[in-house]
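So you can see what is in the structure, the chains are spelled out below.
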Amino acid sequence: MRALLGDYLFPLMVILALCGGFSAVMLNSRNKACIGVAFGAAAAFSACGIMVAIEVLVEGPLMLSLPITSVIGQLSFGFNIVVDQLSAFFLLVICTLALPVSIYSVGYVKEYEGHYGLGRFGLLFNLFLLSMVLVVTAGNIIVFLIAWELMSLCSYFLVTFESRDTEKASAGLLYLVMTHIGSALIMLALLLLAFQANSFEFSDLKNIGLFMGVDVRSIAFILLLLGFGTKAGIVPLHVWLPKAHPAAPSNISALMSGVMIKTAIYMLIRTYFDFLGINGPGDAWLGLLFLLIASISALIGVLYALVEKDIKRILAFSSIENVGIILIAFGAAMVFKAYGLNELAALALIATLLHVFFHSLFKGLLFLGAGSILHATGTRNLEKLGGLSHRMKVTSVLFFVGVLSIVAIPPFNGFVSEWLIFQSLLLSFSLNDVLVNLLVATALGMLALTGALAATCFVRFYGMAFLARPRSREAAEAKEVPRSMLLGMAVLAALCLLTGLLSTYIIPTVDQVTAPLVGTSIAGRLAGGLVLQTPVSSFSSMSPILISIVLLVALPSIYLIATRYGGRRSERVGDTWDCGTPLSERNEYTPTGFTQPLKRVFNGFYHSKTSTSIETGSDPYLRKLSFETSIPEVFEDYLYRPIAKIVTGLARKGGVIQTGSIQAYLAYIFVILLILLVIFR
Amino acid sequence: MINGLAALVLLCAFVAVSSSRMPALVRTFAIQSLALGMLAASVAYFTGSPQIYVVAGLTIALKAILIPRMLAYIMKRIKVEKEVDPFLNIPSSLLVSGGLAVLAYYITEPLIVHGGELTRNALALSLAVVFIGFFIMISRRKAITQVVGLLIMENGLFMAAISVTYGMPLIVELGIFFDVLVAVIILGVFAFRINNTFDSLDTSFLRRLKD
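Protein sequence lines, in the order shown, are assigned to chains A and B.
Just so you know, we're using this note's numbering here: the first sequence kicks off at 8 and counts up by one.
Just so you know, we're using this note's numbering here: the second sequence kicks off at 553 and counts up by one.
Please keep in mind that the hints were generated in silico from the structure rather than gathered at the bench.
Just so it is clear, CB atoms sit at the ideal spot from N, CA and C, and this is done for glycine as well.
All clues stand as given, with none of them false.
Chain A is nowhere near these chain B residues, computed Cβ spacing over 10 Å in every case: (1) Ala559; (2) Leu560; (3) Ala576; (4) Ala582; (5) Ile583; (6) Met590; (7) Ser594; (8) Ile617; (9) Met627; (10) Val724; (11) Leu726; (12) Ile738; (13) Thr749.
A partial selection of chain A residues facing chain B, derived with a Cβ cut-off under 10 Å: (14) Ile669; (15) Ala674; (16) Ile676; (17) Phe677; (18) Leu680; (19) Leu684; (20) Val685; (21) Arg688.
Residues of chain A clear of chain B, computed beta-carbon distances all greater than 12 Å: (22) Gln203; (23) Leu438; (24) Glu487.
Based on the provided sequences and hints, a complete structural model is requested.
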């Protein structure tokens, strides 16, 4: 047995999280100490996690088990932790985001001092991190389900942390309901697998799909899609996401959007590629189903993000979009695997994992940025922001990095992963199936549209929040946030740039993760030194570093050339186009106005309701004009409300037996007792 | 002798169902407990084990004397009305109880065939008592009558235990006695509380506690 550092570090992580959390509770009344202990422990936890992950990626899998065994039926199981390559990758993703978020939280949670218990927050924060780590490292179904449930509950309590806000409480309730529906489906699917394999251990479940009937296997696939899809937020199971993510404190939103929904992606990869396996063209329908759902998800996500006014809801919808993008790549990987094109499958899966990683970085950064805006101005309404770049200089620069990453501008990391996704889809022409080609092409088109709309969305976000003049007093009086918050964001911004630049060095590691899943390694051909290229040689290639060097040289030189040879310009400083009337913030372009053209174009989808009313007063020339626009929540109104109605109706019918009378309850027991006695006499 | 006493216990259960006044109900329970105590004593006599004598003595002391006294005291304290107030009127209650007794025989029939000579019918009788006790709990409104129903059920169980197994270990018996005593005290306290809150011992008022 090799001696690994992880053998000690992993137990240490568990101890750190538990001790950090519970001592935070005990230090509840002493704010400073409480914050220090809670987030210090969380940061140390994340650092250990990164070390364990890197060690596993380099040295090989890690296995731990507690000497506890239990038995369910005839199947016994222990408390087993297995960190293989795939787990290690996700462990790395989680901990890389958790570390800066922990630093950020030191400053961020100060606003809760005196309002809500900091000890409670510290405990939940640590448990949440621990549960996410356990989800991706669980070695058997039981440990996984326990960790999954712990993760759901911790995040629920964090969503409803500001418990005196009824809106947040109801958002939390919706989240709790949706997540448990998902959990139920997951449990069903995993137990289906367990009884096929006659074991709970993940190691025994490998390739179990080969021994399953076609029907059972298909049912398992669908159940897993629905169950994990609920957590990942695919349309139409996404309804909880735009409510719960904004309701949570911003550092938690960053974790939820950045990594929690990714644990569902982890399990999808694990169950689809590792357990059930994609074997032969018979499974292509599944990949196509994913392509379809995912591209719809991506498009709908970004369409809602475009017209949203709440900054955190914009980011939440953007998460739905990005999960869609991730699953497009995942679906493509399945299609390729089904047709035996293992190299392309590897490419698509690498793209999936890279986007998972990169999205966690930039979405984490953006959510932290939104948290800073909220911290500084106290409002999440984009219509009330503006001009923050003058008052929050550092934040605005860091946020800009996040924006550049998410809209896939080279050399930032978002570009690399989206480039790979596009390449893998473009290469599908080597398939000889009309339907497949058609669907992949559709997905490609949707992806391109999504990318463009996302760019619009974030231009709007950044422009409206940071540029121009403040639209309200809150925005005008904003102050830069504390250092620890800036530091947390700076780390993420640096990572966004570095992972983009150095992606050619990251890809071989990711390839090592996907190689056992798709059965082939393509790193040698994919990342040749500085240049990134597709496995089909000479199809296309790209080098983030070269691009950045070119940009670095080109942009200043263009500027220089333009100023040197562009002729003389006389500069005048003054208000623009004010036509003699002094302009105020009320004359500014509004976020709603910015996307109005797009709203018109896509109105077939939005069904927005607008109303204009003119009130005439005593003065015939001065009239009050008001304009209102609202976008109905299509999925809630037409899908969820009818279902909820039916369910509550049934429950009310069933509720008749709950009379509240003791005698009735006794009678139920008595009758059941008599019936049982008579039957089993 | 034992069968006769067991039958007496069942008869008392029937009388309890038919009694329309609370003091009568409690008295019936006391008589039933007395019969039960004597049954235990005769089992002790036939098997010759001294510990069952102790159990018999305790049964009489607790269930035939102490608990009825307590119930009477509670009733006096909260000036409960004397009527039993059943959901189901007394003749039909008796019919149901008769049906339950038949059912008890039906259920225990496969067991009785293998039963010991001494206590042939006792199992069926005690099961019938349990059923009737349960039925009293269901069909009567007042909290006190429910306590009595529970105690009658307990008597049935006790009779089954003593006649089928010729007595459990003494420590278990003592534990059960203690349980019953505590249960009566707690239920008495609850009866006070219910009475204070609703000005009545009628448990159908508790419906209002429903959401």
